[in-house]
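Colleague: Sequential numbering of the first sequence, starting at 624, is according to the working numbering.
It is worth saying that the hints were derived from the structure and are not from the lab. Here the structure is a predicted model, which means the values were calculated and not measured. There could be a bad hint or two in this list.
To be verified - Simulated DEER-style distance windows between Cβ atoms:
#, residue 1, residue 2, range
1, Gly861, Asn630, 21 to 27 angstroms
2, Lys1089, Thr976, 27 to 33 angstroms
3, Ser1054, Thr645, 58 to 64 angstroms
4, Gly650, Asp872, 28 to 34 angstroms
Said to hold, decoys possible - Below, simulated DSSO-like cross-link-like pairs (lysine-lysine); rule was C-alpha separation at most 27 angstroms, straight line:
#, residue 1, residue 2
5, Lys765, Lys628
6, Lys689, Lys1041
7, Lys716, Lys909
8, Lys716, Lys862
9, Lys765, Lys862
10, Lys689, Lys765
11, Lys800, Lys641
12, Lys909, Lys969
13, Lys716, Lys641
14, Lys1028, Lys1102
15, Lys716, Lys689
16, Lys770, Lys716
17, Lys1111, Lys1019
18, Lys858, Lys874
19, Lys715, Lys689
20, Lys874, Lys770
21, Lys933, Lys1111
22, Lys983, Lys1028
23, Lys689, Lys908
24, Lys874, Lys715
25, Lys737, Lys786
26, Lys1102, Lys1025
27, Lys1028, Lys1082
28, Lys715, Lys969
29, Lys765, Lys737
30, Lys1025, Lys1041
31, Lys1111, Lys979
Note that beta-carbon positions come from the ideal geometry of N, C-alpha and C, so glycine has one too.
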Amino acid sequence: MSTYKANLAIYNSLTGQKEKFTPLHDGFVGLYVCGPTVYSNVHLGNCRTFISFDVIYRYLTYLGYKVRYVRNITDVGHLVDDADQGEDKIAKKARLEKLEPMEIVQSYTVDFHKVLNQFNNIPPNIEPTATGHIIEQIEMVKAILDKGFAYESNGSVYFDVEKYNESHPYGELSGRKIEDLLSNTRDLDGQNEKRAPLDFALWKNASDEHLMKWPSPWGIGFPGWHLECSAMSTKYLGKQFDIHGGGMDLKFPHHECEIAQGTSANGESPVRYWMHGNMLTLNGKKMSKSTGNSILPEELFSGDNDFMEKAFDPMVVRFFMMQAHYRSTLDFTSEALLAAEKGYNKLMEALATLEKLEAKESSSVDVSSLVNSFYEAMSDDFNAPILVANLFEAVKFINSVKDNKATISKNDLALLQKEMNGFVTSVLGISAQQESSNDKLSPVMDLVLDLRQEARINKDWGTSDKIRDGLAAAGIVVKDGKDGSSWK
RNA sequence: GGUCUCUUGGCCGAGUGGCUAGGCAGUGGUCUGCAAAACCACCCACGGCGGUUCGAAUCCGCCAGAGACCUCCA
624 MSTYKANLAI YNSLTGQKEK FTPLHDGFVG LYVCGPTVYS NVHLGNCRTF ISFDVIYRYL
684 TYLGYKVRYV RNITDVGHLV DDADQGEDKI AKKARLEKLE PMEIVQSYTV DFHKVLNQFN
744 NIPPNIEPTA TGHIIEQIEM VKAILDKGFA YESNGSVYFD VEKYNESHPY GELSGRKIED
804 LLSNTRDLDG QNEKRAPLDF ALWKNASDEH LMKWPSPWGI GFPGWHLECS AMSTKYLGKQ
864 FDIHGGGMDL KFPHHECEIA QGTSANGESP VRYWMHGNML TLNGKKMSKS TGNSILPEEL
924 FSGDNDFMEK AFDPMVVRFF MMQAHYRSTL DFTSEALLAA EKGYNKLMEA LATLEKLEAK
984 ESSSVDVSSL VNSFYEAMSD DFNAPILVAN LFEAVKFINS VKDNKATISK NDLALLQKEM
1044 NGFVTSVLGI SAQQESSNDK LSPVMDLVLD LRQEARINKD WGTSDKIRDG LAAAGIVVKD
1104 GKDGSSWK
């Protein structure tokens, strides 16, 4: 399917247009995605971004690219709100909970991995941490200082935005003009150390009570808020690489600063294709930890939350997300999840049916163009919802074949089985729900259904229904089909 | 306040100038002892007002509503 590899189009946030994707090195893709700050549990909105990029990573791989996927863990470096004087966010939490900073980081990193694993995300190839790359960050600060785009002030180092803007367009990614930004600045910590309000910290001096700090040429301190991604992406993917992704809310200032840092340190714009996933909304508003408008994956899987009627399987949630484009906001409601659950079940049923289909002489439907439609959807800026729609076209066809209303040839059947499974399982990353199957239960159920079948043959509906109702009470659903009964 | 985005049928969501996705719900049907499930068919919407065009959900303008960013945030 090399034509689809050749025709892959990606919406580039930098240019605001869909562009034909051409990797820097033929056959290889460098992909960097901004990871989480591990000072709390990841909420569902965070997960959406990582799931979106998981699908992007999966499709690139499916097309045959060798992808190096790097996603960082931010375990230091972000400022907290105005309540504390520029104290490190993770250090603050540590004091509150009387724990070591790295203890916090460890526990939330483990949680993060667990949750993404439940969503069936593939781990990145490299998952670097900010604290593990202090040296690289210091080196980068030095490089920016050497190039004259930063200055030292009171043990801190700041990026000189106005200086940079003289030769490079600061604000090109977010569509901002430096004049507009200047007229809208707030009073923040460290303002007096800066020459200009727009300047941002590359290295920040640390006070005595600060817990996470390292020695540097400028004194004891910690790295600036945007530096880690620049340092680590450069280290593992090069001065310039193919795709950088992250949530929409990171566009400004975070990614804007990355462009400025990378460009001034390395002499070239770091990223060729910028990709931004959109937000997940709950009750029509952005899901956000700080406003309380958020839901944890665990709460969704267990049903223990105030927003949803029932519990939802991670795979159902993932499928639900696949029905919306990654660049659109997606509203999370109980009703929508319920709908997705049924659609998911229908798709999985069809996948099972596909394995049992019998081939005939010829196909009554153009299977290869059906399969091509899968590739076309995903090659058009990873349009998963179109893919899902096309997959349901295939579902309709599969069921028709099952009902002998359509036919499929041997070759087409093999093709459809390969690609249908490929797109559902490998690309979308959707698998069957983890059945709580019990080796001992299975023969017992066979026996029970056998007894019930006997009762049915004898038209003993009382017994038959008693068994069915009893099993239902135990959470087991019995379905009577043509070829006997099944349960789950 | 500044910058930007969005507004699609009962619900969720694709779609950028004519051929008008898909899922769920609903209606009808097949199947079935009944039920559930499953399957099939049907259901043709684009915030309001103007404009451009032979033709607009799709382009332009105005109005209304919603949201995002501007501050840590996926």
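Colleague: Confirm or reject each hint.
Modeller: Status of the hints after comparison with the structure:
no., hint, result
1, Gly861 x Asn630: 21 to 27 angstroms, "holds (25 angstroms)"
2, Lys1089 x Thr976: 27 to 33 angstroms, "holds (31 angstroms)"
3, Ser1054 x Thr645: 58 to 64 angstroms, "violated (32 angstroms)"
4, Gly650 x Asp872: 28 to 34 angstroms, "holds (33 angstroms)"
5, Lys765 x Lys628, "violated (40 angstroms)"
6, Lys689 x Lys1041, "holds (21 angstroms)"
7, Lys716 x Lys909, "holds (24 angstroms)"
8, Lys716 x Lys862, "violated (34 angstroms)"
9, Lys765 x Lys862, "holds (16 angstroms)"
10, Lys689 x Lys765, "violated (33 angstroms)"
11, Lys800 x Lys641, "holds (23 angstroms)"
12, Lys909 x Lys969, "violated (30 angstroms)"
13, Lys716 x Lys641, "violated (42 angstroms)"
14, Lys1028 x Lys1102, "holds (23 angstroms)"
15, Lys716 x Lys689, "violated (39 angstroms)"
16, Lys770 x Lys716, "violated (36 angstroms)"
17, Lys1111 x Lys1019, "holds (23 angstroms)"
18, Lys858 x Lys874, "holds (22 angstroms)"
19, Lys715 x Lys689, "violated (40 angstroms)"
20, Lys874 x Lys770, "holds (25 angstroms)"
21, Lys933 x Lys1111, "holds (18 angstroms)"
22, Lys983 x Lys1028, "holds (12 angstroms)"
23, Lys689 x Lys908, "violated (38 angstroms)"
24, Lys874 x Lys715, "holds (26 angstroms)"
25, Lys737 x Lys786, "violated (44 angstroms)"
26, Lys1102 x Lys1025, "holds (18 angstroms)"
27, Lys1028 x Lys1082, "violated (32 angstroms)"
28, Lys715 x Lys969, "violated (48 angstroms)"
29, Lys765 x Lys737, "violated (37 angstroms)"
30, Lys1025 x Lys1041, "holds (18 angstroms)"
31, Lys1111 x Lys979, "holds (19 angstroms)"
In summary, the structure is inconsistent with hints 3, 5, 8, 10, 12, 13, 15, 16, 19, 23, 25, 27, 28, 29 from the numbered list given earlier, while agreeing with the others.
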